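Protein sequences, first through last, are from chains A and Y. So the mapping is simple: our numbering equals the position in the first sequence, first residue as 1, plus 33. So the mapping is simple: our numbering equals the position in the second sequence, first residue as 1, plus 30.
Calculated from the structure, these hints are not laboratory results. Mixed in with the good hints, there may be bad ones.
Said to hold, decoys possible - Only part of the chain A face toward chain Y is listed, based on derived beta-carbon distances under 8 Å:
1) A52
2) L54
3) L57
4) P73
5) H89
6) P91
7) L93
8) F105
9) L108
10) A109
11) Q178
Quick caveat, the model's predicted, so the values are computed rather than measured. Note that beta-carbon positions come from the ideal geometry of N, C-alpha and C, so glycine has one too.
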Amino acid sequence: MKLTLWQRMDIVARQMTPALLTLLAVMVTMLPLRLPDFGPVAPWLALISVYYWSVHRPDLLPAAAVFAIGLFSELAAGTPLGVTTLVLLLMHTAAVSQRRFFISRSFMVVWCGFATMALAASLLVWFMNMALGGVVMSPRPLVFQFMTTVAAYPLFAWCFAQVQRLIQR
Amino acid sequence: MTRPAGSLARFATPIKAWAQRFAFLLLIGVTLVLMMAGRADIVAVERARMAVADAVAPLLDAASRPVATVANLLREGQELAALRAQNSALRAENARLHHWQVVARRLEAENAALAELLNMAPEPHTRYATGRVIADSGGPFMRSVLVNAGTGMGVRKGQAALAEEGLAGRVAEVGGGSARVLLITDINSRIPVVVESSRYRGILAGDNTEQPQLVFLPKEASVEEGERIVTSGHGGVFPPGLPVGRVAGSGEDAIRVAPFADWNRMEYLRLVDYGMPGIVMIDDAQEGRATTAIGALP
């Protein structure tokens with residue numbers, strides 16, 4: 034069966050959606066929302082997106098895409114090079130390796146899995162920032178960011194689930 | 031026919047898994063190399079950062095506008111309730127400022143006359159470039175913003191960035207159409223300052239909290255709560271006398287300064303071109319050397 038150009042474009046668009054959504058999450062996090070004291074504790078949306086797609090459709094978000102998105106976010110946001118990329122890559126691998134376990138379980142289990150991995154990711158970011166900067170940093174903003182990220186997971190997971198259903202047709 | 035296919039799969043599957051694992055390890059390796067490169071302050075890294083920032087600046091600019099509109103609407107709604115009280119407060123303040131204006135004019139004239147009398151070196155000419163804040167670096171370990179003004183508007187590395195109320199930060203990286211401003215609260219920020227009334231010099235060191243610390247003050251210095259802190263102009267990059275903040279209190283560990291700049295309503299930043307040869311020149315020279323070094327490679 035030969036596909037028309039339109040059909041091929043349609044397939045490519047479907048395949049690229051998870052990566053583009055993750056990229057969008059990075060951009061949204063960068064927007065100056067100017068809510069009082071929200072900036073430093075804004076949820077880490079890219080982490081949510083990488084986890085969700087790694088568990089549900091790892092074929093559409095390969096490690097190379099995660100790497101590219103992580104690198105883009107570091108270059109654009111001016112954060113230390115390599116830290117976000119490494120954490121996102123490890124998150125991706127961890128989620129992919131556990132997906133057989135998650136896929137048959139309820140949402141609560143997947144959420145708890147996310148919370149556990151997000152905690153590990155936050156700790157890793159904290160340690161690496163301290164190691165690279167050579168200074169001791171207060172973990173306070175990080176704790177709040179971890180909490181907002183875990184709290185934001187259900188909403189974004191629901192949105193991603195709608196998108197997933199759309200691209201599966 | 032099923033046997034060869036099965037045996038092929040038996041070989042292919044581990045190879046595929048191995049290739050995937052190898053690709054993953056390769057990516058991890060590249061990440062670690064990047065981390066080293068980022069630490070080493072390589073010029074190429076900075077160029078890449080600003081190239082990406084320049085590329086996404088128009089997108090962020092467009093996206094941040096509706097966000098700013100909504101934020102302004104919300105704030106206006108809140109302010110509407112306090113309109114009456116605010117109005118009378120502003121009237122009182124206006125009367126006070128009129129008085130100050132008279133004083134300032136007199137002092138300015140006096141200052142000019144005295145400077146001429148003493149044959150003082152003239153202050154360099156100061157120019158401003160104004161940029162809209164289009165992105166927040168986000169994340170708990172970084173306090174920086176991206177503005178949509180770059181070298182095209184005369185922005186240079188090291189320039190001071192002013193919010194409405196006072197000093198906000200310093201230009202850390204600059205591209206063609208965007209610049210990254212490291213805020214004074216960032217852990218890497220060091221600003222030479224002076225206590226306005228007593229003229230004690232010190233360094234304002236950010237530590238990612240809302241209130242940066244005042245360090246390297248002389249031993250005999252005693253700082254009162256509420257004293258104004260302004261830039262000292264040492265280093266020749268910042269003009270002297272830019273308002274920075276007020277001493278918020280001296281705890282047992284450090285003297286903290288509450289910046290005048292209001293981080294939550296910072297929509298525009300003025301970048302001050304102070305026309306003094308300071309860090310800017312040194313950086314240009316270094317960059318020139320680095321590019322020639324790269325160019326000389328085979």
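Outcome of the hint check:
Evaluation of the A52(A) hint against chain Y yields a violated restraint, the C-beta minimum of about 15 Å exceeding 8 Å. The beta carbon of L54(A) is not positioned within 8 Å of any beta carbon in chain Y (closest approach about 15 Å), and the interface hint is therefore violated. With a cut of 8 Å, the hint placing L57(A) at the interface with chain Y is violated, because the nearest CB-to-CB distance is about 10 Å. Here the hint on P73(A) is kept, as its CB sits about 5 Å from the closest CB of chain Y, short of 8 Å.
With 8 Å as the threshold, the beta carbon of H89(A) stays out of range of chain Y, its nearest partner Cβ sitting at about 18 Å, so the hint is violated. This hint is violated: P91(A) has a C-beta 11 Å from the nearest C-beta of chain Y, more than the 8 Å allowed. Interface restraint check: L93(A) against chain Y, minimum CB-CB distance 15 Å, threshold 8 Å, status violated. Hint status for F105(A): holds, given a least beta-carbon distance of 7 Å to chain Y, under 8 Å.
Evaluation of the L108(A) hint against chain Y yields a held restraint, the C-beta minimum of about 4 Å falling below 8 Å. For A109(A), the suggested interface contact is upheld, since its CB lies about 5 Å from the closest CB of chain Y, less than 8 Å. Here the hint on Q178(A) is kept, as its CB sits about 5 Å from the closest CB of chain Y, short of 8 Å.
When each numbered hint is compared with the structure, violations occur for hints 1, 2, 3, 5, 6, 7.
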